[in-house]
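Enquirer: Take a look at the letters that make up each chain.
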Amino acid sequence: NAGVTQTPKFRILKIGQSMTLQCTQDMNHNYMYWYRQDPGMGLKLIYYSVGAGITDKGEVPNGYNVSRSTTEDFPLRLELAAPSQTSVYFCASSYLQKGQGEAFFGQGTRLTVV
Amino acid sequence: AQKVTQAQTEISVVEKEDVTLDCVYETRDTTYYLFWYKQPPSGELVFLIRRNSFDEQNEISGRYSWNFQKSTSSFNFTITASQVVDSAVYFCALSEAKSGGYQKVTFGTGTKLQVIP
Chain V
669 NAGVTQTPKF RILKIGQSMT LQCTQDMNHN YMYWYRQDPG MGLKLIYYSV
719 GAGITDKGEV PNGYNVSRST TEDFPLRLEL AAPSQTSVYF CASSYLQKGQ
769 GEAFFGQGTR LTVV
Chain D
21 AQKVTQAQTE ISVVEKEDVT LDCVYETRDT TYYLFWYKQP PSGELVFLIR
71 RNSFDEQNEI SGRYSWNFQK STSSFNFTIT ASQVVDSAVY FCALSEAKSG
121 GYQKVTFGTG TKLQVIP
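Quick note, the sequences are listed as chains V and D, same order.
Quick note on our numbering: the first sequence kicks off at 669 and runs consecutively.
Quick note on our numbering: the second sequence kicks off at 21 and runs consecutively.
Only chain V is shown next, with the shape it has when bound in the complex (with noise of 0.2 angstroms):
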């Protein structure tokens, strides 16, 4: 089973560059997450999804935008890049509502912005 496939590992941008975090799940979890781990700081949510063609703000969403026009994809889109978007960033799923449902996650990425 891949559950929730993230690409790519790792990259570095550029400031004020652009790029495309790709998030697949083969669970049809109707939920989805990003979001970024910063060091010692846990993790906050970026942007999540209820379902296709359904997003929401998370936590942190500045600098970043999300679509959802399947269930199984959830890009993330950043827009001109700044060194403060440096992190690691994971896309999760899950299946239950109400909170109950443990998140799926992805390996993550790890970002660098100079």
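Some hints could be false.
Pulled a few chain D residues facing chain V out of the computed Cβ check, cut under 7 angstroms [said to hold, decoys possible]:
hint : residue
1    : Glu64
2    : Leu65
3    : Phe67
4    : Arg70
5    : Phe127
6    : Gly128
7    : Thr129
Beyond 12 angstroms from chain D on every Cβ pair, some chain V residues (computed) [claimed, not checked]:
hint : residue
8    : Leu681
9    : Met687
10   : Asn696
11   : Ala720
12   : Ser735
13   : Asp741
14   : Glu747
15   : Ala750
16   : Gln775
17   : Val781
Treat the hints as calculated values from the structure; they're not laboratory data.
Note that CB positions come from ideal geometry on N, CA and C, so glycine has one too.
Please build the complex by placing chain D on the supplied structure of chain V, with the hints as guidance.
Expert: Just chain D now, kept in the frame of chain V:
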């Protein structure tokens, strides 16, 4: 507002020792869920356990056990006879249980456990 506190930033133990990772949470909700995740050096987060606020029974799974106490708002995680493979960062998380839309999941800052052979 929800909050999860993992006061232990890093813990080192010698293999075969027992170790307890602390998690203290704050919420105004009466119904909520608590989670523990493991992040090994490879980087991905792996789900370990979920607990709902109405179930205060302790749980044991092999060398892992969890102690949930609503009176002290704590959900501590104990590893018995630790092994090198237990070396990882462990996250505690809290989730609301309201209907409709997204229920915020708040993660603690993690505890890095190093098991020394």
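Enquirer: Out of the numbered hints, which ones does the structure contradict?
Expert: 16
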